[in-house]
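Asks: So the chains spell out like this:
Number of protein chains: 2
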Amino acid sequence: MQKYKASIKIMPLKELLDPQGKTVSKSMKNLEIDTVEDVRIGKYIEMYLSAISRVEAEKMVDRACKKLLANLIMENYEFELTEI
Amino acid sequence: MQKYKASIKIMPLKELLDPQGKTVSKSMKNLEIDTVEDVRIGKYIEMYLSAISRVEAEKMVDRACKKLLANLIMENYEFELTEI
Numbered sequence: 001m002q003k004y005k006a007s008i009k010i011m012p013l014k015e016l017l018d019p020q021g022k023t024v025s026k027s028m029k030n031l032e033i034d035t036v037e038d039v040r041i042g043k044y045i046e047m048y049l050s051a052i053s054r055v056e057a058e059k060m061v062d063r064a065c066k067k068l069l070a071n072l073i074m075e076n077y078e079f080e081l082t083e084i
Numbered sequence: 085m086q087k088y089k090a091s092i093k094i095m096p097l098k099e100l101l102d103p104q105g106k107t108v109s110k111s112m113k114n115l116e117i118d119t120v121e122d123v124r125i126g127k128y129i130e131m132y133l134s135a136i137s138r139v140e141a142e143k144m145v146d147r148a149c150k151k152l153l154a155n156l157i158m159e160n161y162e163f164e165l166t167e168i
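Heads up: the sequence lines are chains A and B, in that order. Residues 1 to 84 in my numbering are what the first sequence lists, from first letter to last. Residues 85 to 168 in my numbering are what the second sequence lists, from first letter to last.
Because the hints were derived from the structure by calculation, they are not lab data. Hints should not be assumed to be uniformly reliable.
[Said to hold, decoys possible] List of simulated lysine-lysine pairs, DSSO-like, C-alpha gap at most 30 Å:
id	chain 1	residue 1	chain 2	residue 2
1	A	26	B	151
2	A	9	B	113
3	B	93	A	59
4	A	66	B	106
5	B	110	A	26
6	B	110	A	29
7	B	106	A	29
8	A	26	B	87
9	A	22	B	89
10	A	22	B	110
11	B	93	A	29
12	A	3	B	106
13	A	67	B	98
14	B	87	A	43
15	A	67	B	106
16	B	87	A	66
17	B	113	A	22
18	B	106	A	26
19	B	143	A	59
20	A	29	B	113
21	B	143	A	22
22	B	151	A	29
23	B	110	A	59
24	A	22	A	9
25	A	66	B	93
26	A	3	A	29
27	A	5	B	106
28	B	93	A	5
29	B	113	A	67
30	A	14	B	143
31	A	5	B	150
32	A	43	B	127
33	A	5	A	66
34	A	9	B	110
35	A	14	B	150
36	A	5	B	110
37	B	127	A	3
38	A	3	B	93
Using the sequences provided together with the hints, build the complete structure.
Replies: And the structure:
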C-alpha cells in the first residue's frame, strides 16, 4: 500500500453569492486594505490515506468529496494527490 | 496597478485537535473508505486585489491574514500570489 496526501479545495460555485466572502471583502476597508476587489471563502482539506495505486486513491478521494465533503449543489471541488 | 490573485490556506495548528477533521475521518468508514488515516480541515480563501508591486501585494495579504482571516493562536496560514 502506498501512502498519499490529498489536498482538496472546495469552493462556492461562481454563480452563487458568497456572503461570508462579501463580508470579509468589506471588512478589508477598515484595515486600510482598500484595493481588494473580491474575496471568496471555501474549505481546504488535507486527507492522508493509503491505497494500492494512484488510480485507486483518486477514486477514494473523489468518492469522499462527492458523498461527504462537498455539497455539489453549492460547491465544486478539486484535489491533488501527492505520494508521501 | 497590477492585479493579483492570492490563494490563501489557513489550517489548524498541528499541535491542536481538529474535531471537525476527526469526525469526518470517522465518517469515511461508513463510506467504505477505510484506509483514511487522518483528515484536517481548514479554510481556503481566494482574494483578488490590485497593488503597485508584488512586494506591496504580499504585505497587504499578510496583513489581512494576521488581522482578519486567521486566528494565529489556533491556526497558521500560507499564501501564493499570482499575477492576473
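Asks: For the pair supplied as a hint, residue 22 of chain A and residue 9 of chain A, confirm whether the alpha-carbon distance does not exceed 30 Å.
Replies: Cα-Cα ~19 Å, so holds.
Asks: Need the status of pair residue 26 of chain A, residue 87 of chain B: alpha-carbon distance at most 30 Å?
Replies: Given pair residue 26 of chain A, residue 87 of chain B holds - Cα atoms ~18 Å apart, limit 30 Å.
Asks: Could you grab the alpha-carbon distance between residue 113 of chain B and residue 22 of chain A and see if it respects the 30 Å cut-off?
Replies: Violated. Residue 113 of chain B to residue 22 of chain A sits at ~36 Å, over the 30 Å cutoff.
Asks: Hint check: residue 106 of chain B vs residue 26 of chain A, CA-CA at most 30 Å. Holds or violated?
Replies: violated, 33 Å
Asks: Below or equal to 30 Å on CA atoms is what counts here, so check residue 110 of chain B against residue 26 of chain A.
Replies: Measuring from Cα to Cα gives roughly 37 Å; hence the hint is violated.
Asks: Is it true that the CA of residue 87 of chain B sits at most 30 Å from the CA of residue 66 of chain A?
Replies: Given that 30 Å is the threshold and the Cα spacing comes to 33 Å, the pair is violated.
Asks: Does residue 113 of chain B sit within 30 Å of residue 9 of chain A, going by the straight-line distance between their CA atoms?
Replies: holds, 21 Å
Asks: Are the Cα atoms of residue 143 of chain B and residue 59 of chain A separated by 30 Å or less?
Replies: It is violated: about 39 Å lies between the C-alpha atoms, which goes past 30 Å.
Asks: For the pair supplied as a hint, residue 29 of chain A and residue 113 of chain B, confirm whether the alpha-carbon distance does not exceed 30 Å.
Replies: Measuring from Cα to Cα gives roughly 45 Å; hence the hint is violated.
Asks: Does the structure keep residue 87 of chain B and residue 43 of chain A at a Cα separation of 30 Å or less?
Replies: With a Cα-Cα distance of about 24 Å, the restraint between residue 87 of chain B and residue 43 of chain A holds, given a limit of 30 Å.
Asks: Check the hint pairing residue 110 of chain B with residue 29 of chain A against an upper bound of 30 Å on the C-alpha distance.
Replies: With Cα atoms ~41 Å apart, residue 110 of chain B and residue 29 of chain A exceed 30 Å; violated.
Asks: Could you grab the alpha-carbon distance between residue 106 of chain B and residue 29 of chain A and see if it respects the 30 Å cut-off?
Replies: Violated - the C-alpha atoms of residue 29 of chain A and residue 106 of chain B are around 36 Å apart, more than 30 Å.
Hint check: violations occur at hints 5, 6, 7, 10, 16, 17, 18, 19, 20 and 26; the rest are consistent with the structure.
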